[in-house]
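Whenever a hint applies, use it, and build me the whole structure from the sequences.
Sequences listed follow chains A and B, in order. Numbering-wise (the working numbering), the first sequence opens with residue 17 and increments by one. Numbering-wise (the working numbering), the second sequence opens with residue 14 and increments by one.
There's no promise every hint is true.
Rough simulated footprint, nothing fancy, chain B against chain A, three-plus residues with beta-carbon under 8 Å [to be verified]:
#: 1; region: 66 to 72
#: 2; region: 77 to 87
#: 3; region: 97 to 105
#: 4; region: 295 to 306
Take a look, some chain B residues computed to stay more than 10 Å from chain A by CB distance [to be verified]:
#: 5; residue: Gly247
#: 6; residue: Ala253
#: 7; residue: Asp301
#: 8; residue: Glu332
#: 9; residue: Gly353
The calculated lysine-lysine pairs, modelled on DSSO-like cross-linking and capped at a C-alpha distance of 30 Å, are [stated by the list, open to error]:
#: 10; chain 1: B; residue 1: Lys374; chain 2: A; residue 2: Lys98
#: 11; chain 1: B; residue 1: Lys398; chain 2: A; residue 2: Lys98
#: 12; chain 1: A; residue 1: Lys145; chain 2: B; residue 2: Lys398
#: 13; chain 1: B; residue 1: Lys398; chain 2: A; residue 2: Lys88
#: 14; chain 1: A; residue 1: Lys98; chain 2: A; residue 2: Lys88
#: 15; chain 1: A; residue 1: Lys404; chain 2: A; residue 2: Lys457
#: 16; chain 1: A; residue 1: Lys233; chain 2: A; residue 2: Lys369
#: 17; chain 1: A; residue 1: Lys88; chain 2: A; residue 2: Lys145
#: 18; chain 1: A; residue 1: Lys480; chain 2: A; residue 2: Lys404
#: 19; chain 1: A; residue 1: Lys457; chain 2: A; residue 2: Lys480
#: 20; chain 1: A; residue 1: Lys369; chain 2: A; residue 2: Lys457
#: 21; chain 1: A; residue 1: Lys233; chain 2: A; residue 2: Lys145
I should point out that these hints are in silico values taken from the structure, not numbers from a laboratory. Ideal placement from N, C-alpha and C gives every residue a C-beta, glycine not left out.
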Amino acid sequence: MSAEFEPVIGLEVHVQLATATKLFCACPADGAGKAANANICPVCTGQPGALPVLNRRAAELAFTAALALGGKIPARSVFARKNYFYPDLPKGYQISQYEEPFCAGGSVALPGGRAVRLTRIHLEEDAGKLLHGVGSEKLAHSLVDLNRAGVPLIEIVTEPDLRSAEEAADFLAALKAVLQYCGVSRCDMEKGELRCDANISVRPAGSRTLGTRAEVKNLNSFRFVGDALDYEFRRQCAVLAEGGRVVQETRLWDADAGVTEGMRGKEEAHDYRYFPDPDLPPLAAAPELLERLRIGLPELPAARRARFSAALGLSDYDAQVLTADRSLADYFEAALESAAGEAPEAPRAALAKALSNWVQSEMLARGGAEACPVPPARLAGLIGLMLKGTISGRIAKEIFPRMWDTGKAPAELVAELGMTQVSDAEQVAAWVAEAAAENPKAAADLRAGLEKAAGALVGAVMRKSQGRANPALVQRLIKERIR
Amino acid sequence: MIEPDIIHSQAVDIARRVREGELRAEEAVGAFLERARARREWGAFLSLREDAALAEARAVDEKRRRGGRLGRLAGVAVAVKDNILVAGAPATCGSRILEGYRAPYSATAVERVMAEDGVVLGKTNMDEFGMGSSTENSAFGPARNPWDAGRVPGGSSGGSAAAVAAGLAPLALGTDTGGSIRQPAAFCGLVGLKPSYGTVSRYGLTAYASSLDQAGPLARSAEDAALCLSVIAGHDPRDATSLRGTARDYLAESAGGLPAGLRLALPREYFQEGLDPEVEAAVRGAADAFAELGARLGAASLPHTRHALSAYYLVATCEASSNLARFDGVRFGTRAAGEGPRTLLGMYEASRGRGLGPEVKRRIMLGTFALSAGYYEAYYLRAQKARARVRADFAAAFAQADLLLAPTAPTAAFALGEKTQDPLQMYLSDVYTVPCSLAGGAAVSIPCGRTRAGGPIGLQLMAPPGGEGLLLRAARAFLAARPFPECPALNAAAGPALGGLP
Numbered sequence: 017m018s019a020e021f022e023p024v025i026g027l028e029v030h031v032q033l034a035t036a037t038k039l040f041c042a043c044p045a046d047g048a049g050k051a052a053n054a055n056i057c058p059v060c061t062g063q064p065g066a067l068p069v070l071n072r073r074a075a076e077l078a079f080t081a082a083l084a085l086g087g088k089i090p091a092r093s094v095f096a097r098k099n100y101f102y103p104d105l106p107k108g109y110q111i112s113q114y115e116e117p118f119c120a121g122g123s124v125a126l127p128g129g130r131a132v133r134l135t136r137i138h139l140e141e142d143a144g145k146l147l148h149g150v151g152s153e154k155l156a157h158s159l160v161d162l163n164r165a166g167v168p169l170i171e172i173v174t175e176p177d178l179r180s181a182e183e184a185a186d187f188l189a190a191l192k193a194v195l196q197y198c199g200v201s202r203c204d205m206e207k208g209e210l211r212c213d214a215n216i217s218v219r220p221a222g223s224r225t226l227g228t229r230a231e232v233k234n235l236n237s238f239r240f241v242g243d244a245l246d247y248e249f250r251r252q253c254a255v256l257a258e259g260g261r262v263v264q265e266t267r268l269w270d271a272d273a274g275v276t277e278g279m280r281g282k283e284e285a286h287d288y289r290y291f292p293d294p295d296l297p298p299l300a301a302a303p304e305l306l307e308r309l310r311i312g313l314p315e316l317p318a319a320r321r322a323r324f325s326a327a328l329g330l331s332d333y334d335a336q337v338l339t340a341d342r343s344l345a346d347y348f349e350a351a352l353e354s355a356a357g358e359a360p361e362a363p364r365a366a367l368a369k370a371l372s373n374w375v376q377s378e379m380l381a382r383g384g385a386e387a388c389p390v391p392p393a394r395l396a397g398l399i400g401l402m403l404k405g406t407i408s409g410r411i412a413k414e415i416f417p418r419m420w421d422t423g424k425a426p427a428e429l430v431a432e433l434g435m436t437q438v439s440d441a442e443q444v445a446a447w448v449a450e451a452a453a454e455n456p457k458a459a460a461d462l463r464a465g466l467e468k469a470a471g472a473l474v475g476a477v478m479r480k481s482q483g484r485a486n487p488a489l490v491q492r493l494i495k496e497r498i499r
Numbered sequence: 014m015i016e017p018d019i020i021h022s023q024a025v026d027i028a029r030r031v032r033e034g035e036l037r038a039e040e041a042v043g044a045f046l047e048r049a050r051a052r053r054e055w056g057a058f059l060s061l062r063e064d065a066a067l068a069e070a071r072a073v074d075e076k077r078r079r080g081g082r083l084g085r086l087a088g089v090a091v092a093v094k095d096n097i098l099v100a101g102a103p104a105t106c107g108s109r110i111l112e113g114y115r116a117p118y119s120a121t122a123v124e125r126v127m128a129e130d131g132v133v134l135g136k137t138n139m140d141e142f143g144m145g146s147s148t149e150n151s152a153f154g155p156a157r158n159p160w161d162a163g164r165v166p167g168g169s170s171g172g173s174a175a176a177v178a179a180g181l182a183p184l185a186l187g188t189d190t191g192g193s194i195r196q197p198a199a200f201c202g203l204v205g206l207k208p209s210y211g212t213v214s215r216y217g218l219t220a221y222a223s224s225l226d227q228a229g230p231l232a233r234s235a236e237d238a239a240l241c242l243s244v245i246a247g248h249d250p251r252d253a254t255s256l257r258g259t260a261r262d263y264l265a266e267s268a269g270g271l272p273a274g275l276r277l278a279l280p281r282e283y284f285q286e287g288l289d290p291e292v293e294a295a296v297r298g299a300a301d302a303f304a305e306l307g308a309r310l311g312a313a314s315l316p317h318t319r320h321a322l323s324a325y326y327l328v329a330t331c332e333a334s335s336n337l338a339r340f341d342g343v344r345f346g347t348r349a350a351g352e353g354p355r356t357l358l359g360m361y362e363a364s365r366g367r368g369l370g371p372e373v374k375r376r377i378m379l380g381t382f383a384l385s386a387g388y389y390e391a392y393y394l395r396a397q398k399a400r401a402r403v404r405a406d407f408a409a410a411f412a413q414a415d416l417l418l419a420p421t422a423p424t425a426a427f428a429l430g431e432k433t434q435d436p437l438q439m440y441l442s443d444v445y446t447v448p449c450s451l452a453g454g455a456a457v458s459i460p461c462g463r464t465r466a467g468g469p470i471g472l473q474l475m476a477p478p479g480g481e482g483l484l485l486r487a488a489r490a491f492l493a494a495r496p497f498p499e500c501p502a503l504n505a506a507a508g509p510a511l512g513g514l515p
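What follows is the structure, encoded as structure tokens:
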């Protein structure tokens, strides 16, 4: 059935800007761990006479997003009031942008390279939060928490360019990477710093016209985006296949039930009566400011991925994993720089591959670069010890968790634990002789030409040396002495 | 009890005497406080800061005793319109919906008054949220005109005007959206200044129409108005629409008499149908007096004046419909439960239905309609275009003239109840004050004559944005040459005997 149809998807993504304070007042923007209504003041609770004053940093971050996403920034944009009544909206209107947003156009490249066009980006304030219960207890009344009220958001609206739920999820991941790279937002979906609504319609595959769309709300994780759009696509296909018509409506994703449900036209009745907010002058985008922000833009994920492949010889997969998160890529590059200093003779590509493996296996398993207390130079030091033969790879993997836990330098831990590799031929030869005496069958097998039997002897030597014997030397001496 | 002389004093003199130690702030404030308490009949105050005012006055005296330098409003009791927030004091804005609300912070203008050692005496009566021209739209009863208790003091800053005219305070703050300082000043024989938009911070001024609202002084002299403006004007980082370069010494700027050759123009559209002949005669007489002082009189034309009132009532109501949405019963003020099941909508309807008065509802509905899909272009956008033309009219007129001279209102104070049944008649009371508000300029009303019945007649001088200094200089020169008599209520042994009211 769905083979005959294709979905047409556009997203509206709300992203919380990484400012210290709210969009129009000096209250802290981060309410994490705070009691309800701890971050409030006359402005964000809509007291009579209180006035909004734009947070300059929020505007800078918004412009930065526009520059990074390749949008056009008009010389001025206009704040507008979106009027509606709801208890989480203290002023009875939300300050947003409507006819004249700060950014028009722009695009985000999908991993395959195809560009998803953006319609616009505008700046707006968040609303508060209603609580209808405490824990599992449902209240007879509702409580209002205004910590979030006035938190700065940008809303990014795409053209209907996405053709599958996977593409939608890929788009979000790519968008998130760009915004995180620029420091525009932390994009933590669990904290609601990135929220997504989707418009989806279906049409016969190959058709140029658009079907009737439904808006799906409440897509608050990457998985929800994929699941909800898959569900909604199948639902609309089924409606059409049965000869029915898709109704234009807002539907809510119920993650527990795994279905979208119509909100019964409640939303459609709204007339928001937008008009320019007389309390705020138009937002000017000064060319000098834009130039300063443009210069300050970091290398964006796509460019960095390409460079990692081309200049460092990493595979596309490795480059993709390392650049998906800016802190990981930054860590990787800093460690690579230090490691090159530790082992100047080693080829850059070999170092990069070794570090890439190390970072992907040891670091991501422990929570990523941001959680990592080991400075990149220390990791490089450890790799250096390994490359110099001071310690074996196996020892290095034992040392790393200790560096993570104790904060000590690798050389210090190696010394402290007596883990320096033993390359003294006399000592290793003594261990080999002991091992052969204690494992007469393995020694006899080896002498009889059964090469496999060497493994048991190597193991015995490593046990005797507590892992410190130089593995290459052990191999050589066993071959030389046991014959 | 014999009123001390201080009741007749100008604010500038009270502040000077307190600074020089001739008068204690406690006496100065106490005298007005006592009078305000005793003369509740004027309906001037909605609340008095009985204890706080005296405590603050004593603190001013204490500061002087310790050798501190006192501010420009030392010991001056200031009456503040109830839509301007004073921390800890009620701020009803003349509305039931804010009954019981206490301001959690002070307006910037109030902070500046206090920083100059002025003392806020209390909060004055007003038309609900500033919507009205007679103070009869107050939910707490009308204020009365101290020149004639059967007449209105004007509005919406009628309480502030009545307080100053009746000698309950030497100085008051009002707010002017379309004439709400100037028209009550005219009706009560006072100097009332509407500063150019952006001169006085709106932070803490409960918004009626944000693109028009300005706070300003009501005083018995141009000097007092200039002193007050010097204190409250100036850029405020908490108001994104406030302007730089506005913190000036307007008292100094207003000295020196009428500038020689000042070009005064009378806009012809302000002297047409609807203007009371008594008012016209007084205003034309005042123009002649200006000529005698050395002004050059001329004519001007503001051709889009006829569109100004309708443009104003669209712009103002559109903004008001949004500004007043916060009075929803959720966070403060009146919350009422509806009939039947307890629903959110029921709560909104009951709270706003009971809390807001009929004129406020009328304007909210008008503005809501004008902003609605399908009507926005025809009403809001056209009103903005008309506003731009009105502004262009003024710019053209000010290329030929330094100041414009016109009546403040078409009539002198009318009787209580005379226009309450006819909103359009009431709106026409603002016909001469609204255009300058739309243009964002400065304007002052000064008393220039009296009706046969003895009531004051106001003259309006208008200046381009930033013209407050010249405006006050002209006002000061005129009043020095043609002093206006004190209101008889100042010397009356008691307040008005009331009765037979509509």
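Evaluation of the provided hints:
1. Using a Cβ-Cβ cut-off of 8 Å, 5 residues of the region 66 to 72 of chain A lie near chain B, which meets the minimum of three, so the contact claim holds.
2. Residues of the region 77 to 87 of chain A with a Cβ under 8 Å from some Cβ of chain B number 0, which does not satisfy the need for three, so the listed coverage is violated.
3. For the region 97 to 105 of chain A, the assignment as covered by chain B holds, since 4 residues bring a beta-carbon within under 8 Å of that chain's beta-carbons and 3 suffice.
4. Counting residues of the region 295 to 306 of chain A whose beta-carbon sits less than 8 Å from any beta-carbon of chain B gives 3, enough to reach three: the coverage restraint holds.
5. Listed as outside the interface, Gly247/B is consistent with that label: its C-beta sits roughly 15 Å from the nearest C-beta of chain A, beyond the 10 Å cut-off.
6. With a least CB separation of 5 Å from chain A, Ala253/B falls inside the 10 Å interface cut-off, contrary to its annotation.
7. Every Cβ of chain A is farther than 10 Å from the Cβ of Asp301/B; the closest lies at roughly 40 Å, confirming the non-interface assignment.
8. Interface exclusion of Glu332/B from chain A breaks down, the closest Cβ pair being 6 Å apart, not more than 10 Å.
9. The Cβ of Gly353/B sits about 17 Å from the closest Cβ of chain A, beyond the 10 Å cut-off, so the non-interface label holds.
10. Proposed proximity of Lys374/B and Lys98/A is supported: the alpha carbons are some 20 Å apart, at most 30 Å.
11. A C-alpha spacing of about 22 Å is found between Lys398/B and Lys98/A, which places the hinted pair at or below 30 Å, so the restraint holds.
12. Straight-line distance between C-alpha atoms of Lys145/A and Lys398/B comes to about 39 Å, which puts the hinted pair past the 30 Å bound.
13. Our distance criterion of 30 Å between C-alpha atoms is met by Lys398/B and Lys88/A, whose separation comes to about 28 Å.
14. With a C-alpha separation of about 24 Å, the suggested pairing of Lys98/A with Lys88/A holds against the 30 Å cut-off.
15. In summary, the hint linking Lys404/A to Lys457/A is not supported, as the alpha carbons are separated by about 35 Å, beyond the 30 Å threshold.
16. Proposed proximity of Lys233/A and Lys369/A is contradicted: the alpha carbons are some 42 Å apart, above 30 Å.
17. A C-alpha spacing of about 33 Å is found between Lys88/A and Lys145/A, which places the hinted pair above 30 Å, so the restraint is violated.
18. Restraint check for Lys480/A and Lys404/A: satisfied, since their Cα atoms lie roughly 23 Å apart, inside the 30 Å limit.
19. In summary, the hint linking Lys457/A to Lys480/A is supported, as the alpha carbons are separated by about 18 Å, within the 30 Å threshold.
20. Annotation: proposed proximity of Lys369/A to Lys457/A is violated, straight-line Cα distance about 41 Å (limit 30 Å).
21. Of the pairs offered as hints, the one joining Lys233/A and Lys145/A holds, with about 16 Å between alpha carbons and a cut-off of 30 Å not exceeded.
Of the numbered hints stated above, those contradicted by the structure are hints 2, 6, 8, 12, 15, 16, 17, 20, listed in ascending order.
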